[in-house]
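Residue numbers (my numbering), protein chains in the order written: chain A, 1 to 319; chain B, 1 to 444.
Among the clues, some could well be false.
[What the hints assert, rightly or not] Residues on chain B that point at chain A, a partial pick, calculated with CB under 8 Å:
(1) N103
(2) K252
(3) Q253
(4) K255
(5) D398
(6) T405
No wet-lab data here; the hints were simulated from the structure. Note that beta-carbon positions come from the ideal geometry of N, C-alpha and C, so glycine has one too.
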Amino acid sequence: MTPTVAQKVPVRSQPPGKAKRRRTVVAPHRRDNRTAYLMIAPMVILLGIFVIWPLIYSVYLSTFEISFYQEPVFVGLDFYRYVLESPEFWHSIVIGLYYALLTVPTTIVMALLLASFIKSLSRRAAAFMKTTVYLPAVVSTVVASVLFVFIYQDEGVGNWLLGMLSVGPVNWLNDPHVALPAIAVPGIWLGFGVTTLILLAGLLDIPENYYEQAQLDGAGPFQRMFYITIPLLKNVLLYLFVTGFTLAIQMFDLPLIMTGGGPVEATNTPNLYIFNSFRDLTPYATSFSLTASLLLFVVIGAISVVVFRLIRSDKAVDG
Amino acid sequence: MRKRHSTLCVAVSAVLVAAIAGCGSGGDEAPTAGGKTVVTFWQQQFEDYQQAWFKKQVTAFNASQDKITVQVQVVPGDTWAQKIKAAQAAGKAPDVATTNYGNIPAAVANGEVAELDGLMPAESFTDIKENVQSFVTIKGKHYGYPMLVEPSTVLYYRTDLVKAAGLDPDSPPKSWADLTQWATKLNQGKVKGMTIASAAPDLGWSSWGLQYNACGRLPVADDWSKSTATEFCFAQVLDFYKGLYQGGLMPKQPKVGYADGAPYGQGEVAMMAGGSWVVGQLKNDYPAMIAKTAVAPFPSIDGDQTKTTATLGGWTLTIDAKSKAKEQAAAFIQWLLAGDPAIMADFFKASGYSKYTVRTSVDKALVDNPDASADPFMKIISEKVVPYGKAEPAYPWDISLAFGTAIESAMKGSTDVPGALKKADSTINDVIKKQKLAGTAPTR
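Looking at chain A on its own, in the form it has when it is part of the complex (with noise of 0.2 Å):
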């Protein structure tokens, strides 16, 4: 029988007393505990300052009228009535969730069918794909905005098309009935290529031969679609919805730049309705936004908490 390493190195013999010192001054746990504490030591230190102090603050400003001329005035929690009491303020949640449902699971299905088609090409088709779909990733939401404002103008592309088919011409941006939708494409455009790019990775973790069986079996691409590529995806579409809906809830710059809120505040998501309540110079816009803005950070963590709910979260087998 051949030794093993661990047999080959002699083992010295201490005395035990030192051994037993040296135990006790830092045990191994103990060692690695405080490895562990130094490594993540700056990003605490770091969250610290400038997310976890702030936000203690914040919370504490929000229980006063501030001025920066007047001795601020304590209101207690008067703000946090005003905002829920406010129809503007849950109206603006209700347009945030409208758009995150418009964009959310429409660039999901789109990527996720983007994806398998993705996979099935050649290497080298496959790379001028992912390259050409990453591509709106990299354009500016500015840049993106101000071109589909000029796609939705009268005589823009948008109605230039539907004048072919003897529709329109459609007031996109100026139509309370339209407005958000018009202004969801652009988002999920911006949207697409990462999601897809997500989607394809966690395609390729999926084992070929899982696949190879089902088709011996008998299996369809739709069966296999929804018998395993969605099962073993579900962590990946988990992280997308989560991710998706509180960066979709919190969409400031296409609105803020398309339609600033309108028509009839159809479009006014919730932190523009607080970026456009802090611009008023009174003391007053001042709390009611810092206020709102903390409102805002628990109803997107609740929201957070039922996506979670409702996908399960589960380890994937064997993936």
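Knowing the structure of chain A, use the given hints to seat chain B on it.
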């Protein structure tokens, strides 16, 4: 172990507090550079010629004496609010800032601006025209020095298209009904009959004149105790806008906001409701349009052109209440706005006479200027619009926005006119209640 952690937390907190406190610390002396007191001046970005004019005058002021140096910074309008708030929070607000008339009462109530009476000579204030005095005065004290007034709403129309439509360009529409009739006749092909504001943030302020016109008041009681938005006359304002929009007489997807006269300059509309500043834009950017353009007071609800159709907006220079160089800042304002009338006469010349004077002495300086006296636009606006203009409201913007949203809702069919006014009424009353506005209307 727990104790060590607590100690660490306390230490870190102490360091943070000290660091944050250190950021805000500063001496009581005004900053100096090269032996001169530095006065910071934030100018909100306006038309290009204004930036050039301010820069030229600041350079001239700095060269005219050796005790003060003014540092001017141009701030875009859409970032002004957040930038000024951030500066105020950090105790680094500019010594001098451009402030519009409507914001002065709230700034005074909040203690943001310094009283100018003790800082500038009394005769500087007696030179201000009577109808403008109240714009910068709270309880008899001056808190800003006015620079100009500009009516928010004037009617511009294309004389060539008017003639082609069989209308008389020398007899412009006087009532809202006349205007709708003109817009209908001028609505030809790709050229729309007219353009007017159609988005709530624009409607919030540009409709003040028409609110006064229809009701003689704004949709709030004089003492700011309650909303009056459901009065019938306000429904007439909404119906007027709704008729123009839903009748297809104006662009349904305007490319620019109300303040921008580009659609008229580019020939996309035959008539335009616009501020007097558009005269300057036309002269500078669309000179070919001047020869075929006429201006008139904006039509009145019943044709009576002595009723208000425009508010008189405009800008002042104010001094920050926490400024450490108040006297030096006041000296700069005195030199620029209240001193030699030729300086402000030069400004009005640069504006293409699209803005109007606030000082008697500047009027006198312009009398002998042939360009000013011969300008057809200036004559009509200064004689037929400015005298009937009213001050912008001093109440919070939320109230104006609520009414602007009501007009937009009616225009775009989100709700009917009574429903839109009911919602505006509820929002305005909510603003009054939460911002504790009842009884706080400023006394001039």
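A quick look at each hint next to the structure:
no., hint, result
1, N103, "holds (6 Å)"
2, K252, "holds (5 Å)"
3, Q253, "holds (5 Å)"
4, K255, "holds (7 Å)"
5, D398, "holds (7 Å)"
6, T405, "holds (7 Å)"
Hint compliance for this structure: every hint is met.
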